[in-house]
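Enquirer: Chain residues, written in single-letter form:
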Amino acid sequence: MNALVGHSGVILALAGALLGAAVIGYGLLTGKPQVVRSGQVYAVLVLAGAVIATIAMERALLTHDYSIVYVAENSSRRTPFLYTITGLWSALAGSLLLWGLVLAGYCAAMVWHFRKRAQDSMVGWATLVVYLVAAFFFALLVSPANPFRTFSGAPPAHGLGPNVLLQDNPLVAIHPPMLYLGFIGFTVPFAFAIASLATGRMGEGWQIETRRWTLFAWACLTIGILLGAWWSYQVLGWGGFWGWDPVENAALLPWLTATAYLHSVMVQERRGLLRVWNLSLVIATFALTILGTFLTRSGVIVSVHAFSDSNIGPLFLGLLAAVLVSGLGLIAWRGDKLRSPSGIDSPLSREGAFLANNLVFSAFAFVVLLGTLFPLLYQALAGGQVTVGAPYFDTMTMPLGLVLLVLIGVGPALPWRKASRATMGHRLAVPAWAAVIVVAACVAGGIRDLADLAAFGLGTFAAVSNLRQLLLAARASHARGQGAWRGLVGRANGGMVVHLGVVVIAVALASATSFGTRGQVRLSPGQSAVFDGHTLTYVGPATLRTPARTATLARVRVDGGGIFTPAVSYYGTSTEAVGTPAIDSSVIDDVYLTIDALPAHPRGPVTLGVVVQPLVMWLWVGGAVLAAGALLAAIPGRRRRLPTDPASGVRHGSRPSSDPAGGVQESPAPELMGAGAVVREGPRGGGEEP
Amino acid sequence: MAGTDEVAVAGEAGGAGESPGSGEPRRPSDDDIGSGARAGWRRHLPAVALVVLLLGSVTVALATSQSKSPSFERQALAIEHDIRCPSCEALSVATSSAPTAVTLRRVILARLRSGQSAREIEDYVVSRYGEGILLRPPSTGLAGLVWWLPALAALAALAALAVFFWRRRGVDVARPSDDDRELVRRARKERLGSAP
Chain A
0 MNALVGHSGV ILALAGALLG AAVIGYGLLT GKPQVVRSGQ VYAVLVLAGA VIATIAMERA
60 LLTHDYSIVY VAENSSRRTP FLYTITGLWS ALAGSLLLWG LVLAGYCAAM VWHFRKRAQD
120 SMVGWATLVV YLVAAFFFAL LVSPANPFRT FSGAPPAHGL GPNVLLQDNP LVAIHPPMLY
180 LGFIGFTVPF AFAIASLATG RMGEGWQIET RRWTLFAWAC LTIGILLGAW WSYQVLGWGG
240 FWGWDPVENA ALLPWLTATA YLHSVMVQER RGLLRVWNLS LVIATFALTI LGTFLTRSGV
300 IVSVHAFSDS NIGPLFLGLL AAVLVSGLGL IAWRGDKLRS PSGIDSPLSR EGAFLANNLV
360 FSAFAFVVLL GTLFPLLYQA LAGGQVTVGA PYFDTMTMPL GLVLLVLIGV GPALPWRKAS
420 RATMGHRLAV PAWAAVIVVA ACVAGGIRDL ADLAAFGLGT FAAVSNLRQL LLAARASHAR
480 GQGAWRGLVG RANGGMVVHL GVVVIAVALA SATSFGTRGQ VRLSPGQSAV FDGHTLTYVG
540 PATLRTPART ATLARVRVDG GGIFTPAVSY YGTSTEAVGT PAIDSSVIDD VYLTIDALPA
600 HPRGPVTLGV VVQPLVMWLW VGGAVLAAGA LLAAIPGRRR RLPTDPASGV RHGSRPSSDP
660 AGGVQESPAP ELMGAGAVVR EGPRGGGEEP
Chain B
0 MAGTDEVAVA GEAGGAGESP GSGEPRRPSD DDIGSGARAG WRRHLPAVAL VVLLLGSVTV
60 ALATSQSKSP SFERQALAIE HDIRCPSCEA LSVATSSAPT AVTLRRVILA RLRSGQSARE
120 IEDYVVSRYG EGILLRPPST GLAGLVWWLP ALAALAALAA LAVFFWRRRG VDVARPSDDD
180 RELVRRARKE RLGSAP
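Protein chains in written order, with numbering that gives the first Met the number 0: chain A, 0 to 689; chain B, 0 to 195.
Source of the hints: derived by calculation from the structure; they are not laboratory data. Misleading hints may appear alongside valid ones.
As the list claims (entries may be wrong) - Not the full set, but computed from the structure, chain A residues with beta-carbon under 7 Å of chain B:
(1) W241
(2) G242
(3) D244
(4) D335
(5) L358
(6) A362
(7) F373
(8) A379
(9) G382
(10) Y391
(11) L427
(12) V429
(13) V435
(14) V442
(15) G444
(16) P598
We put the CB at the ideal spot given by N, CA and C, even for glycine.
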C-alpha cells in the first residue's frame, strides 16, 4: 500500500516535470507566451507527487512496513521516533527522495514567486531548466534508485535500523536537510543563468532576481557544512571536525564557487563587468553539486560519509556532462553579447579586491577538486595507489586562507574604481595597528609559529576593519535618525557580519589545530590524572540500557566539576560497537573524552582518550554569527542607489516605479554610455524604499 | 543592494569614494594631505613604527623558536600526521585511537630513538603497507603533479592578470562629459522632483 502510493507519487512528479517541460518548451519554441504560462502549473504536480511519495515513505517507516526493502534496511522497531523519521535520508534511495522533495519545493516556490511574469520567456526558460533537472531526479527514483522497491518474497519480520552512526546525535535531523537546501537551491540561479543565455538577455536582471535565492542556498549550505563539522566532532570520536574527507570536500566545492559568485556578482551589478565569469561560476556551482552527488553516491570513493555502492554513478556523470556542455556551449554561443562595456581601472579598488577574492576562491576550489579526484586520476593513468590526505590540503589551503583574511580586511575599505594611498592609509590604520599589537602580544605570550601569528594578526586586522565599517554604518544611520541598528541591515552590512563570523571561525580553527593536545590516560576507579592542565578523575563505570541502545559508560569528573560519560554503545540489533565521546566544552577549551579501552572488569582500569583543544566552541559561535549575518544581508537595506549610479543608467522613456516585475521583463542590451556608465535592466526601478 | 548603496554620480568615484553603508565623512584627497601640515618624513612615522613593531615581534618569535632540536615526541608527531592509520579510512596515525595506530605510534617513536630519520621511517612504513599509506602525496614523479598543478595554474592566472593591468596602464579613466552630467541632472530631477 505504502509502496504503491509512494511509487505513484514519484511517477506523478516525473510526469508533471516532463509534461511541464514539454509544454514550456513548445511555448518557447513557437513563441506563445500563453502556452509558456500554462506550463508553469505543472510545478504543482511535481510538488504534489514529491509530497505524496515522501509522506508514503515516512508512513512506511513509522508503521514499520517491512515489505519495502528500504524500510527494512533503514529502520527497526527499536529505533527511536526521531531516527525513524530521519531514516528517510539515511541511505541512498531515500536521500534522493528528499532531494526530489526539496527540488520540487524550490520549483513550486520559484513558479509562485514569478507567477505574475509567467509569460516572460526568461521565467519560462528558467522553469524549463528546473523541470528538466527534476525530471532527471524523479526518473532516478522511478527505476534505478527506487526507494519503494518491495521484497519479491515474504518480507522480513524485523528491520535492520539505520547505520549506527546515524542514531547517535539529533543533528542528523538538521544537518542533511540544510545541506540539501543549499545544494539544490543553486538550481534556481543556475536555471536563470541558462535562461539569460538562452534568451540573450545578458544584463544583470537575472542575478538581481535570484540574489536572495542564491543567498538563501548559500546560507543553508554554509550552515549545513558547519553542522556537519559539529556532528563529526560530537559523533566520530577522534576530536576533529574536518577531515578533508572526499564527501566533505564535495560539499565544500560548491560552497567555494558560490562564495566567489556572491562577491563577484556585485562587480557585475555595479560595473557591468565579469559577465562570462559570473555565468561560469553559477554553472560551476551547480555542476559541482552534481559532481558531489556523483562522488557520494557512486561508490567511486571511500569515505565514512559515502552512501553504499550503486549503479547510478554513470547517470550522474551524464547529467554533469550535459550541464557543462550546455552551459559552456551557451556561453560560447553568446560570447559577443557578453563583452563587458568597460574594464577594471586599477587593481587597488573594490572590484580589484573582488577579483583577487575570486582568484583565491578559484584556486582553493581547484586545490580541493584536484586533491579529491587525484587518487582516482592517478589510479586510472598510472595504475598506482596514492592517498591525498589532510597534510596536502592543510599545506595548500593555509596560505590561501591567510590571503582571504587579508582580503576580508582590505576589501570592504576599498572604494570602487580606484583607491588613493591616503584613503587606504586612513581606513586601514586602526586595523593594522590592532593586528600588529595582537601579533606582539602573541609573541610575548609564547606563540612562535609563524602561521599562527599570521592567522591571529590577520584575523584581528580583518575583524577590526569590518567592525569599523559596521560602526560607521551604524553611526550614519543614527545620524539619519533611523536608529543605529539599521547599520547592521542590508547586503553590505550583513556581509560585514558574515565576515566577522568567518574571522571567528578562522581564529578558532587555527588555535584548535595548532594548540590541541591528545593522549591517553589509564585510570582505575577513584584515580585522578592531570592532562594538559585538566584534572580527570575516573569515578567508575556504569551501564545504560534503553530499547535503542546498550552502552557501557565511564563516569569521569573533569576539573572537580561535572561528570562526563564517554561510552561504548551498541545500537539496536547491531553488533558493531560505537564509541560515543563526551565533551566538556567551555569558551576557553574543550576536553574531549573517549573510551579507548573498556575496563576488563568493573573494578579494573579504563583507558581514556583525551583531546584538549582551545577555542573549539568558537567554531560554532562563528557559525551562528555567520548565519545571522546572512539573514541580515537578506533584509533590504537602505537603498540609496539611483538610476544614475555608475552601472545603472537611465532608460529613456522608462517609468521607474511602475514596473513591479523588475528587470527581467525588459531587456535592453547593456551598452556603453559616456563615462563607463552602463544602461542596464533597471532592477532598482520598482519598489524603492523611502 | 545595500552593498553598493552609495550615492555616486557617474564617473565621480575616481577619488575617495566611500565604503559600503558607511556614513564616513568625505576625506580630503591625497593631494590635500600630501601638501598639508605634516610635511616630509614625519608623515611616515606611524607607518615606520608599525613595520618596526611587526618585524621586531616576528624576529623575536623566529629567534626564540625552539624548533632547532625538537624532542623525539615532537618529531614522532610530525611523522604520525603524515601516515594513514592502516585500519581507518582517512584518519592519520596521530589522530586515530585504533589499535593499529597505537602500535604504529610506538614503532615510530622506537625507531626515532634508535636513530632513524623521518625518511627512513616513512620508507619502512611504505614497504609494509604500500604507497597509499602516506597521507602526504610525494612531490616527485607523476604523483607530484598534485602539488605542481595548482601552483602552475595560480602562476598562470597571476601572469594573465598582470598582463591585463599592464596593458591597461595609462588608459585614462573616462571622465564624465557634460552630456553625462546633464543626464544625471535630468534623472535626479525626474526621481527626486528637484535637481540637486
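Enquirer: Now tell me if each hint is right for this structure.
Expert: To see whether the hints hold, each was checked on the structure:
no. : hint : verdict
1   : W241 : violated (11 Å)
2   : G242 : holds (5 Å)
3   : D244 : holds (5 Å)
4   : D335 : violated (20 Å)
5   : L358 : holds (6 Å)
6   : A362 : holds (5 Å)
7   : F373 : holds (5 Å)
8   : A379 : violated (12 Å)
9   : G382 : violated (10 Å)
10  : Y391 : holds (6 Å)
11  : L427 : violated (10 Å)
12  : V429 : violated (11 Å)
13  : V435 : holds (5 Å)
14  : V442 : holds (4 Å)
15  : G444 : violated (11 Å)
16  : P598 : violated (16 Å)
Violation of the numbered hints given earlier is confined to hints 1, 4, 8, 9, 11, 12, 15, 16; the remaining hints are satisfied by the structure.
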